[in-house]
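Since the structure of chain A is provided, determine the placement of chains B, C and D with the ligands on it from the hints.
Spelled out, the chains give:
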Amino acid sequence: MPESAVGTEKDREITFAQAVREALAEEMRRDSTVCIMGEDVAEAGTPFKVLSGLLEEFGKDRVIDTPISEAGFTGLAVGAAMTGMRPVVDIMFGDFITLTMDQMVNQAAKVHYMSGGKWKVPMVMRTTLGATRRSAAQHSQSLHAWFCHVPGLKVILPSTPYDAKGLLKAAIRDDNPVVFFEDKMMYKMKGNVPAGDYTVPLGLADIKRTGEDISLIATSSMVQVALGAATMLEEIGISAEVVDPRTMWPLDEKTLIESAKKTSRAIILDEGYERYGVTAELASVIATGAFYDLDAPVKRMGAMHVPIPFSPPLEDVTVPTEQTVFEAARKMCGK
Amino acid sequence: MPESAVGTEKDREITFAQAVREALAEEMRRDSTVCIMGEDVAEAGTPFKVLSGLLEEFGKDRVIDTPISEAGFTGLAVGAAMTGMRPVVDIMFGDFITLTMDQMVNQAAKVHYMSGGKWKVPMVMRTTLGATRRSAAQHSQSLHAWFCHVPGLKVILPSTPYDAKGLLKAAIRDDNPVVFFEDKMMYKMKGNVPAGDYTVPLGLADIKRTGEDISLIATSSMVQVALGAATMLEEIGISAEVVDPRTMWPLDEKTLIESAKKTSRAIILDEGYERYGVTAELASVIATGAFYDLDAPVKRMGAMHVPIPFSPPLEDVTVPTEQTVFEAARKMCGK
Amino acid sequence: MIPSNDNPMTTATETKSSQDVALYLRMYRQMVAIRQFEAQVNDLYTRALMPGLAHLYIGEEAIAVGICEALERSDYITSTHRGHGHCLAKGASPNLMFAELLGKRAGYCKGKGGSMHIADPATGNLGANAIVCGSAGIATGAAFTAKHLKNNRVAVCFFGEGALGQGVLYEVMNLAQLFKLPVIYVCENNSYSEYTHFLETTAGEILLRATAFGLDAEDVDGQDVRAVHTTAKRLIDRARKGDGPGFILCNTYRYHGHHVGDINREYYRSKQEEHSWKTERDPILNLGKWLIEQKLADAPALELVGNELEAEMKKAVEFAVASPYPDVSEVNEDVYA
Amino acid sequence: MIPSNDNPMTTATETKSSQDVALYLRMYRQMVAIRQFEAQVNDLYTRALMPGLAHLYIGEEAIAVGICEALERSDYITSTHRGHGHCLAKGASPNLMFAELLGKRAGYCKGKGGSMHIADPATGNLGANAIVCGSAGIATGAAFTAKHLKNNRVAVCFFGEGALGQGVLYEVMNLAQLFKLPVIYVCENNSYSEYTHFLETTAGEILLRATAFGLDAEDVDGQDVRAVHTTAKRLIDRARKGDGPGFILCNTYRYHGHHVGDINREYYRSKQEEHSWKTERDPILNLGKWLIEQKLADAPALELVGNELEAEMKKAVEFAVASPYPDVSEVNEDVYA
Ligand SMILES: Cc1ncc(C[n+]2csc(CCOP(=O)(O)OP(=O)(O)O)c2C)c(N)n1
Ligand SMILES: Cc1ncc(C[n+]2csc(CCOP(=O)(O)OP(=O)(O)O)c2C)c(N)n1
Ligand SMILES: [Mg+2]
Ligand SMILES: [Mg+2]
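Those protein sequences? They're chains A, B, C and D, same order as listed.
Numbering of the first sequence is given in my numbering, commencing with residue 1 and proceeding in unit increments.
Numbering of the second sequence is given in my numbering, commencing with residue 1 and proceeding in unit increments.
Numbering of the third sequence is given in my numbering, commencing with residue 1 and proceeding in unit increments.
Numbering of the fourth sequence is given in my numbering, commencing with residue 1 and proceeding in unit increments.
Hints are supplied without guarantee of correctness; some may be wrong.
[Claimed, not checked] Each computed BS3-like pair below joins lysine-lysine, with the alpha-carbon atoms no more than 30 Å apart:
id	chain 1	residue 1	chain 2	residue 2
1	A	K118	C	K147
2	D	K295	B	K60
3	D	K180	B	K120
4	A	K331	B	K299
5	B	K299	A	K254
6	A	K299	B	K299
7	B	K169	D	K147
8	A	K262	B	K299
9	D	K241	B	K60
10	D	K278	B	K118
11	B	K120	D	K147
12	C	K147	B	K49
13	C	K150	A	K118
14	B	K261	A	K299
15	C	K180	A	K49
16	D	K147	B	K118
The set of hints was computed from the structure by calculation and includes no laboratory data.
Isolated chain A, as found in the complex:
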């Protein structure tokens, strides 16, 4: 039974996975054209158990197990979205978006524009990102930068259960193709989530912690890393602000730039490969927008330029950690 039925009390804590499920359940109750499709989404509720219980409530016409045909069912969803459905497609590992690029980029993203605004594609792709699960190079990538690069798509990277629920509901109601990336390592993270209906608008960054000395601009699970680093920094007298853009497109440049202007230093944290990725865009936006206020070059911290290795000691050094962020920030602040 979906958690949303549990109660309406104020300070309700649920997990990130539950928040995602609740968003889906509420939207499916509200709108019968919302349906879910993907591999092992029905009885199994996905390998991460994010969707458990949805089949029981909504039946197999709306929670649909597919063959292992990422391109095929993503394409199907594009057509379904054009003609009256609001499909939510589940791509189990973000590494498999490789197989959907043509459907998402050459079809979903362009249909509205190419048709002169006549057809719309209100679909959501939910998928995952994040390493350190010992899953090796083909199951650990964070490839969201590719979609961010493509006009016509919107891209969301929630970092808390609250944001996950509100942003996913907004995504489902959006009339455009939206890609929603969930960090696999965050599914069990708990947080305060209202039981009722609310949305978080796309295009609004959130300041997760205010500070004065340095801005840590972080996405997805890197927000937790930034918050951890901020706590460590506090102990040595550095006040760090943590800013979460939440949606990569539309991008709330203003909030990012304001923060960097205020603190005069910025580090960008993202779990995608560092080169030619999200860190480059955000760093460049800030380097331009806060040009006259920065005391130091914007620092980028993303995944190392290597395929993610399996061996635990190797994998652990490929992504930013509280410790490495702390060191970088300390150095930047000259302490």
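Frame of chain A, contents of chains B, C and D with the ligands only:
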């Protein structure tokens, strides 16, 4: 008959397309494991006629027409490369790399690393980029930023016939998967190309024009745009340096940064979508590397954040032109 | 659909129902409309009035017409780079099509799509597509909606035999059959994908590639509009009833080059081959002959159809040529809904 | 291959050639080796000694063994996420495999690959692959090389029936048949892809999906190693001769969960179903029974094989556990060749 047979005289001018073909022909003569596969590459020599004559010289076992199966034959090339061939895969329009992402990113790029260095994938993918051919949204994209983002791949964007020949030969001899992007609008451009064997090493930027006041860092056909703008700037007394990174990965950061340090101003020009793309990476590299020398924020000029429109007056404003670059540079130099 | 103006027929034999007769004549007219449309496209190219390229449907008219005549207006189609015929057969207006081909504001897509992206909700046209096999997912999804919303619609996916090379086709045929979706995959085998013969790129048996996934698959002479229509009707009715997807293999030929600029074709196919298709298997000529034989029309009446439509298309071209380009400020409208 | 130590058989009937007998006993031994290897993997997981997960091949041993015994050492294979059996059957060393599974420097991939990426040029193993159907292109490409270099090799592509959902499989089967490549596609149909029964995801007839592309396709009882071997031999010989690709559909069952952590399986399959496969159709039990019936081995000899291999695998685990992790500095080696 391939142009390379024509002569050995010094100041030989050939087209970009001829330079590409000559590189292939020379490498195929040198190494019998080099073969070409793709759609309409044999009798037709590709729709752009880049490969005309190769079938006649090398036969249909080495110049191979494939079905319209971009994923399939790219995957085949990965396996062929691992086992002793040096395949060169032809993807007619860069927009179709969407279909090859799994083979290129989850397979080709990772095989060497995942096998602990035991298997190698010496293959080349040749494909195209560039708009303004009135080909609309699905035949006009410049998606090279995606591959630049992926560790394990190398990415080349030649801007002259000379570079095209030398870089393609280097790519074929490289033991890694290399993606080689040709701007469709450049095929007829002429330039000086030695008839004999030479290579241009990957990872070396080239200063196409020296200048003092501003650096125009440009890729592929944007190099011509930059050179055109530089000529216009000269007339109003601004001396522009034009730097071509030539290979996006490996990236010659040093040359880019040195140039920006010298001139204290930089504009990045690339025909890919501006957001989350090549311009972001290069701008960020320079903003960091030349932080203490820049007089103004690095300016990025890429494709507008829209699917490429068909209508000529619309399409023409989506990409940087000599005029828009000139204006931007003039403004930046305060003239 | 092209309004069928005056009725060109003279006498009708007793054996055909008047409904059938009306259908044959409508199909004749539609095929001629497409051919005349394409003749104007070629002319625009030759006169250097059209930006970019276009892929002519001349020679293949019987397929689009035979199939679309078996569809309701609310049914869906998806089309290809060679899509003018499908769009017209599903009811598109030549005025708005030509305007789109010239990149004008009045075009179906405000000039943003061009020849390869004509789309029109009013006629159920989900869009032509410049990615080979790019619309197979979309058509299947439209059928998914039809089933889910129980709106009784059917979706038809047109594609050239080159699309048989794209794996996604097999993925969606599998999905369609599993979900019993009302979608018909129509393979237009004109023997060539660009400059390569299909036997060089297509192993095994095309029909089996559909039956292997459980689809009801049939082949038909793609030059015989009545045969195409009969087959289409059976599979469409079956799909509409909920009995699942179908596949139609239509053997056909394109008279012109792969695109308007493909003039010298002898390195990949003989003039003799082109000649024999044009003279012996032309869908319009042959239907015309049959109509006359059957005394359903006479030669002058058919000629009149040609003349009328030629005039209509010329007028449509004039409309498009005179029509303005979009304003540059429109370039970043319609990116997001 | 697992060295076949002492010969466990006692008497051999006259009707079998001694070659055949040696083959049966070798296949028995190999199947037991795989099962014992996997038992240790499960144990490592239970003892929380293994990073990540692993997908056990227990129950499916007859396929890898029956097929790899029909290959030369220089022939190629590609494998899957459920790949330990394929790698071992092709000759991998348990020491280096366990080391890899634990992420150790001594592993086949220096710890960089892990369970799903074992690769080894020395035994023609082009690599296990964590993308479903991810190696179909690679295997086809290896066969392309074999044909081009005329090196007389064959490539075998193992995949689960879930891979039938991936369009690229049809793309490469088409290519293989067009180019007459020496590649065999081996579909291990264990009825489930993760937690979903194949009938829910697979329309039509599996074998037809290969014959439609012209491949020589056969199905075989995947629990009968001798049958698998006979079929494999025919298709491999044929491919090696240049007669083109083959497809083998092996019906089988995995005894354990999708991965080692998939313990409660009753929501997707019954204990009863698992029980009947394990007791009635076990490839090792059944070959053992047959060997005894045929007087090619006796029960104690077979038991000895089990004990020997259990001991060997335990030693291999010890080697791996004791072996060091790679140095952190190695993390950015091997990105580029
Ligand atoms: C995925 C993809 N690959 C390649 C192309 C380039 N291309 C455009 S049309 C065409 C041939 C299509 O042949 P077919 O499907 O038989 O259609 P026809 O042109 O014969 O109507 C090709 C290869 C493309 N548009 N999309
Ligand atoms: C392209 C892709 N999609 C999804 C997955 C996730 N996944 C891993 S194994 C598996 C099921 C595979 O089933 P099957 O091919 O039958 O092999 P089996 O596990 O039964 O041996 C899935 C869906 C994946 N690894 N790759
Ligand atoms: Mg064709
Ligand atoms: Mg299976």
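Results for each hint:
1. K118(A) <-> K147(C): holds (23 Å)
2. K295(D) <-> K60(B): violated (55 Å)
3. K180(D) <-> K120(B): Roughly 25 Å separates the two Cα atoms, so the pair holds.
4. K331(A) <-> K299(B): holds (28 Å)
5. K299(B) <-> K254(A): holds (18 Å)
6. K299(A) <-> K299(B): The hint holds at about 18 Å.
7. K169(B) <-> K147(D): Measuring from Cα to Cα gives roughly 25 Å; hence the hint holds.
8. K262(A) <-> K299(B): holds (22 Å)
9. K241(D) <-> K60(B): The hint holds at about 21 Å.
10. K278(D) <-> K118(B): With a Cα-Cα distance of about 38 Å, the restraint between K278(D) and K118(B) is violated, given a limit of 30 Å.
11. K120(B) <-> K147(D): Given that 30 Å is the threshold and the Cα spacing comes to 19 Å, the pair holds.
12. K147(C) <-> K49(B): This hinted pair is violated, its Cα atoms lying about 46 Å apart.
13. K150(C) <-> K118(A): OK: K150(C) and K118(A) at ~23 Å, within 30 Å.
14. K261(B) <-> K299(A): holds (19 Å)
15. K180(C) <-> K49(A): holds (28 Å)
16. K147(D) <-> K118(B): Holds. K147(D) to K118(B) sits at ~23 Å (cutoff 30 Å).
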